[in-house]
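Enquirer: Sequence:
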Amino acid sequence: MFKNDSKMKFVNKEKETTVDAWKILIVDDEEGVHTITKTVLSGFTFEGASLHFISAYSALEAQKIMMNVDDISLIILDVVMEEDDSGLKFVQFVREDLENHMVRIVLRTGQPGQAPERDVIIRYDINDYKEKTELTSDKLFTTIIASIRNYRDLKAIQEKKEIIEQNRIGLKNIINASANLFEMHSLKEFANGVLMQLISLLKLNNNIKYTKSDGFTATKDEKNNKCIFLAGTGKYSELKREDRDYYDFDAKTLEYLAKAEKNKKSYFDNDIFVGYYETHNGKKNFLYINGCAQLSKDDRRLVHIFSSNVSIAFDNIYLDKEVAETQAEIIYTLGEVMENRSKETASHVKRVAQYTYLLAIKYGLDEEEAFTLKSASPLHDIGKIGIEDSILLKPGKLTDEEFVIMKTHAQIGYDILKKSTRSILKAAAIVANEHHEKYNGKGYPNGKKGTDIHIYGRMVAIADVFDALTHKRVYKSAWSFDDSVAYLVNEKDKHFDPKLVELFLSNLDEIKEIYAIK
96 MFKNDSKMKF VNKEKETTVD AWKILIVDDE EGVHTITKTV LSGFTFEGAS LHFISAYSAL
156 EAQKIMMNVD DISLIILDVV MEEDDSGLKF VQFVREDLEN HMVRIVLRTG QPGQAPERDV
216 IIRYDINDYK EKTELTSDKL FTTIIASIRN YRDLKAIQEK KEIIEQNRIG LKNIINASAN
276 LFEMHSLKEF ANGVLMQLIS LLKLNNNIKY TKSDGFTATK DEKNNKCIFL AGTGKYSELK
336 REDRDYYDFD AKTLEYLAKA EKNKKSYFDN DIFVGYYETH NGKKNFLYIN GCAQLSKDDR
396 RLVHIFSSNV SIAFDNIYLD KEVAETQAEI IYTLGEVMEN RSKETASHVK RVAQYTYLLA
456 IKYGLDEEEA FTLKSASPLH DIGKIGIEDS ILLKPGKLTD EEFVIMKTHA QIGYDILKKS
516 TRSILKAAAI VANEHHEKYN GKGYPNGKKG TDIHIYGRMV AIADVFDALT HKRVYKSAWS
576 FDDSVAYLVN EKDKHFDPKL VELFLSNLDE IKEIYAIK
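Number 613 marks the last residue of the sequence shown (the working numbering); no jumps.
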């Protein structure tokens with residue numbers, strides 16, 4: 096075959112390719128043609144790079160070379176070899192089968208009658224046509240210069256097009272990624288999304304291989320002067336936030352973070368990218384990821400553009416969080432007002448919220464929805480605002496007529512809340528309306544049954560009844576913890592969703608912690 100001993104070197108630097116040698120494939124069945132060509136062009140250089148010759152003595156051998164050798168600049172090709180049209184078939188193979196339109200092809204023939212020049216130029220994608228008799232050393236030199244220069248220019252155009260296309264895709268991905276990020280309202284979900292989107296951006300360049308990326312997002316706890324871990328990838332993905340908020344980063348990593356905090360900006364440092372995002376309310380957030388050493392300036396610009404959007408999104412996350420927490424605090428306060436009016440035990444709404452949140456998480460609701468339900472649950476009895484004190488505060492058993500009036504608090508609460516478009520208040524409307532429905536259909540106000548009752552209502556029903564049983568009310572004494580648990584078991588498939596009861600029972604250690612809240 097052939098021996099490819101060229102020391103070709105391609106350097107990815109702003110997508111510009113530099114070479115140590117220009118590869119030229121000589122395809123001819125005459126040994127003398129190879130020898131003469133190499134002799135005439137010995138010592139030739141173009142733009143500081145020499146020529147590296149690869150020889151093939153048949154079209155078939157040349158095909159194998161073209162399939163295995165990259166970046167051949169020029170093919171000097173004979174027409175008549177194994178067959179009268181072997182060279183022309185080889186041209187078709189290169190252009191059509193390999194779809195290589197970059198390499199320059201100079202047809203050199205000693206039998207012009209076999210392949211008339213005009214016919215060949217029209218039918219085949221060749222770049223020059225020379226008869227062997229007219230190809231003197233000077234003309235060969237000129238042909239080589241012109242062909243390599245043409246190849247170089249085409250290569251540069253292609254690389255520029257790739258940069259433009261890559262940047263177009265990059266910007267499109269940034270727009271899509273940013274849109275996804277702005278839809279996230281959970282800080283943990285957002286932090287994980289930022290990491291995943293950035294890794295996706297880093298993989299835009301097909302010339303760069305990333306076998307593994309280690310990275311994390313964190314937020315600064317000013318009180319303890321430590322970083323709270325939010326999300327991680329690679330070696331940091333093994334760290335679970337619920338197990339440990341504070342992570343002992345190594346000294347070098349802390350140095351990177353401190354530099355970003357001191358300069359108040361994101362930056363690249365060889366293989367590392369450190370993102371710094373300070374919100375309007377002074378919260379400091381960090382993003383750290385490796386695998387950036389081979390990124391071009393254009394790719395780094397894309398990362399910085401993405402980072403700018405991340406900074407804005409962090410602000411939105413904290414603003415949403417502040418609004419949600421403020422809304423939850425107001426709702427909790429309203430719940431406490433109702434609790435005090437009805438003379439119920441202290442912290443009833445607080446415990447109901449915690450029981451409900453625990454059930455929501457164990458059931459599989461995501462963090463955001465579980466938080467929404469937790470925040471909404473204190474308003475489960477808001478409708479009692481419409482019940483007169485003589486009934487609401489009656490120490491004994493209600494009459495049938497009084498109980499009919501008491502049951503209207505579910506509808507009253509729903510009517511108060513139903514017009515809101517806020518997620519927490521919409522959830523509160525559902526809870527107020529359905530937390531007295533029973534799994535067997537014998538509840539109120541609408542006699543819903545089974546899974547027709549909203550999951551929010553089914554969860555709050557268990558939380559509300561269990562807490563009511565375990566604490567003193569104006570009309571009853573507190574039950575023991577065990578008796579209250581036994582009541583839930585007895586009411587499976589009757590009052591309560593059996594699957595939710597099982598979830599409750601399988602987490603009694605956490606239930607006891609909430610039960611102890613005063």
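The hints are simulated quantities; they were obtained by calculation from the structure and are not laboratory data.
It cannot be assumed that every hint is accurate.
Here are the simulated DSSO-like cross-link-like pairs (lysine-lysine), alpha carbons at most 30 Å apart as the crow flies [to be verified]: (1) Lys416 to Lys544; (2) Lys492 to Lys502; (3) Lys321 to Lys347; (4) Lys544 to Lys587; (5) Lys250 to Lys392; (6) Lys227 to Lys255; (7) Lys392 to Lys445.
Enquirer: Please go over all the hints and tell whether each is borne out by the structure.
Expert: Do the hints match the structure? See the list:
Taking the CA atoms of Lys416 and Lys544, the gap is near 35 Å; set against the 30 Å cutoff, the hint is violated. Our distance criterion of 30 Å between C-alpha atoms is met by Lys492 and Lys502, whose separation comes to about 14 Å. Simply put, Lys321 and Lys347 have alpha-carbon atoms about 15 Å apart, close enough for the 30 Å limit, and the pair holds. The hinted pair formed by Lys544 and Lys587 meets the criterion: a straight-line CA distance of about 13 Å does not exceed 30 Å.
For the suggested pair Lys250 and Lys392, the alpha carbons sit about 20 Å apart, so the restraint of at most 30 Å is met. With a CA separation close to 37 Å, the supplied pair Lys227 and Lys255 exceeds the 30 Å bound. Proximity of Lys392 to Lys445 is assessed by CA-CA distance (about 53 Å); at most 30 Å being required, the pair is judged violated.
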